[in-house]
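**Q** Each chain, letter by letter, is given below.
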Amino acid sequence: MITTGSKYCFGIAGLGSLGALIYMILINPSDVGVLALLGIAIAMSIVGGVTQFTGDFDADTVSDAITVSASAPANSMWPLLLALGGVLLLVGMTTNPIIFLLGIVVIVAAGIEWALQSWAERASEDSAFNRFVRERALTSLELPLLAGGAVAVIAIAFSRIMLAVSPENGAIIFIVVATAVLAVGFLIAVKTNLKKTSITAVCVLGAVALLVSGGIAGQSGNREQLVSAAAEEHYSHKDCEETASKYFDKNSEKTVSMKSGILATIRVKDGKLSAQLIGLDAPVATVTVARSNQATILFRNLDDEEHRLVANLGVKKVGETGVVEKIVDCTQMTGKNQTQALLLKINKPSASSGPYTFTVPGLEGQEIALVVP
Amino acid sequence: MSHEGTLPVSKQNMTIFGGVKSQGRLNRKKTAVMAFGVLFMAGCARDAPQDTWQPKGENASNINTLQWIVFPLAGVVGVAVFALIGFVLWRYRDKGQAIPHQSHGNPAVEITLTIIPALILSVVGVFTFRGIFQLAQTNDTQMVINVTGQQWWWEYDYPAQVVNGVEISQPIITAGQLVIPTDTKVLLRETSRDVIHSYWIPALNGKKDAVPGRINLLRLQAYKPGIYAGQCTEFCGLSHANMRMEAVALEPADFATWVANQQRNAQQPAQASLAQEGEGVFLNQCIRCHQVNGLKKADGTAAIAAPDENVYSGAAPNLTHLMSRNTFAGAAFDLVTSDCRKNIWTASPEQFGAAYLEGVSPKCLNQTNLRRWLRNAPEMKPMYADPTKLASSDGKYRGMPNLNLSESDIDKLVAYLSTLK
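Keeping their order, the protein sequence lines are chains H and X.
Residue numbering for the first sequence follows my numbering, starting at 1 and increasing by one per position.
Residue numbering for the second sequence follows my numbering, starting at 1 and increasing by one per position.
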């Protein structure tokens with residue numbers, strides 16, 4: 001007699017063989033797909049053979065050893081949500097990646113919930129006990145996830161509001177909201193006889209107000225000040241002069257966390273500029289950067305004065321005007337014993353408009369050659 | 001007195017057909033022995049340049065020492081476990097018997113089966129950690145080379161440095177073949193321009209991934225002069241299988257000669273020669289991606305390649321000294337004929353340097369391969385080179401496209417490329 005497990009394996013093997021045959025006829029007889037399908041067929045035939053030989057996964061035998069709860073499964077919304085997730089997945093595949101990702105999230109969540117519910121329903125014949133088992137297993141998962149989601153929604157909604165209003169109004173809103181939250185919290189703590197429905201109503205009202213305000217703020221966009229700063233490239237324009245820049249050097253980076261990707265380290269110590277490559281102890285006068293590839297140069301300032309590292313990357317003509325403009329890139333102003341990373345991607349070799357150099361404004365006559373082969 | 005008539009039917013069959021059954025058993029044994037023999041003999045291949053059991057440098061020797069400890073241990077454990085599984089499957093298969101008594105827990109067995117693997121792993125762990133620290137050592141590095149992977153070739157650039165008294169005053173850039181001095185601790189700093197690749201020359205060290213945006217370190221050292229083959233070991237797209245590499249180890253004196261040659265610019269071909277016409281074709285076609293140092297345009301300015309505008313990775317092999325290497329197209333194809341290749345690969349350590357430094361002579365040039373490549377590169381090596389299917393890469397090629405060169409242009413280009421030694 002062919003056991004249940006073997007039937008399953010032989011069935012898949014048959015489907016795999018049939019699929020391979022159809023693939024060969026309709027698509028390409030020498031494609032990798034044929035090999036994959038035949039591989040599945042062969043693997044499942046072997047597993048089926050072993051299963052048949054050992055009598056493993058024989059439902060009749062196994063059922064003797066398993067006690068199955070007699071109670072019928074309870075109603076569940078998870079299959080419905082699982083199907084919805086599948087729809088979102090398919091729709092997202094052809095329309096929007098966000099919908100696709102949402103589909104995956106829904107499928108995973110519904111799948112876990114459904115599986116655990118089914119598992120709990122077999123725990124005993126007491127449905128109340130089964131519910132307890134389910135909640136015990138899932139609450140530790142559901143609560144942190146729901147709380148995390150709620151925090152994310154609150155943070156996004158609140159940030160939209162703060163970006164839309166002026167800094168002055170933002171401060172007022174923040175004070176008012178924080179005071180209101182504190183007052184409500186205090187009231188709930190003190191008035192222990194408050195009705196649960198009243199607390200729920202207040203929380204729901206607050207959540208709705210936050211969501212609506214966040215939505216409106218998101219629609220209206222950032223405040224004028226931020227829009228004009230972006231248009232004037234306050235964030236991307238780099239002032240590479242000796243003195244500190246109002247925008248570029250504001251809140252300068254003080255830590256670097258990408259040591260594994262560093263090509264070279266350039267230091268300023270006692271007013272002297274030096275460079276070192278990973279693996280070589282001796283300082284080098286030339287740093288080589290591969291063309292068209294991201295390279296990270298670490299700048300370490302060991303002087304008392306603030307410095308910045310500047311990469312001088314030749315010149316370029318501005319449009320058809322004939323005006324020649326220097327191409328530079330630099331770190332922010334770096335304080336004593338601080339380190340910054342300079343990320344470079346240079347598409348043209350130094351022979352094209354070089355020489356390229358690393359310099360530090362204020363340290364005249366010193367440079368490290370930068371060669372792009 | 002015969003007992004034949006009183007034997008059970010099955011026993012009778014055994015007696016009657018015993019001879020046939022024995023013959024079948026014998027055949028099965030023969031088949032098993034033959035299968036084992038084929039597998040065993042497969043390990044005796046002579047021409048196996050990527051054999052991990054034949055280290056040719058210190059780092060690979062360290063790995064080899066470790067695998068000689070781990071493999072036998074793992075082999076014994078593996079065979080014992082599989083044999084036990086097989087025995088249990090066969091001995092206790094379902095024959096319609098009742099389900100045996102189900103018990104749970106046996107502290108003595110559980111403790112024993114925890115302690116034995118822990119002891120084995122402790123022994124393996126000691127040697128593994130020792131090996132890891134040996135391979136990670138970089139503080140005695142004598143030479144640094146930047147290695148950049150891209151679909152589907154490796155670029156090597158040698159930063160300015162002094163190696164064993166040989167000064168590399170200007171960075172050297174080459175592709176396909178990594179040239180290193182013997183008995184020198186060479187530190188490779190690997191990265192990638194597009195996807196993750198993995199650098200592996202089994203005779204000199206283990207694998208190390210080349211990851212975009214990161215620099216991973218791998219040290220090589222070769223005891224003797226020779227060519228050591230390897231290949232990319234991280235699936236990186238269509239021509240992953242054709243992304244090969246070769247490390248060429250030269251005696252320090254030969255390495256100095258190689259460095260001196262690599263730091264020279266390309267020579268201009270003779271006036272009114274076929275090679276000079278080929279230079280014109282190169283300036284019209286190939287310069288879009290391939291750099292030749294020292295090549296000048298008609299107006300006397302330097303000819304600068306623009307691979308960043310045409311190739312997804314933003315780079316193409318520098319061809320200044322193409323004929324100083326034996327391979328091309330990601331070391332996937334020989335630039336020399338099979339006889340010349342054999343002469344170089346089988347040269348004695350004393351003669352290897354001279355044989356390699358001779359480069360690709362006109363007699364040794366594999367014209368068939370080079371012409372096929374120039375005629376239609378994607379036909380030789382699968383690449384994303386169909387102009388109508390480049391939407392996902394902003395219209396840029398991954399690899400070299402078919403340039404639709406005429407046979408006359410191919411003749412000229414071959415003549416020009418032959419001068420790039």
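Hints should not be assumed to be uniformly reliable.
[Said to hold, decoys possible] Here are the simulated PhoX-like pairs of lysine-lysine, each with C-alpha atoms no more than 20 Å apart in a straight line:
(1) X:K95 <-> H:K348
(2) X:K95 <-> H:K7
(3) H:K348 <-> X:K297
[Said to hold, decoys possible] Chain X stretches covered by chain H per the calculated footprint, using a threshold of three residues with CB under 8 Å from any CB of chain H:
(4) 102-115
(5) 162-176
(6) 212-221
If you're looking for bench data, these hints aren't it; they were derived computationally from the structure.
As the structure is a prediction and not an experimental result, all values here were calculated from the model.
Built from N, CA and C at the ideal position, the CB exists for glycine as well.
**Q** Could you run down the list of hints and mark each one as holding or not?
**A** Outcome of the hint check:
no.	hint	result
1	X:K95 <-> H:K348	violated, 76 Å
2	X:K95 <-> H:K7	holds, 18 Å
3	H:K348 <-> X:K297	holds, 17 Å
4	102-115	violated (count 1)
5	162-176	holds (count 4)
6	212-221	holds (count 6)
Checked against the numbered hints above, the structure violates hints 1, 4; every other hint is satisfied.
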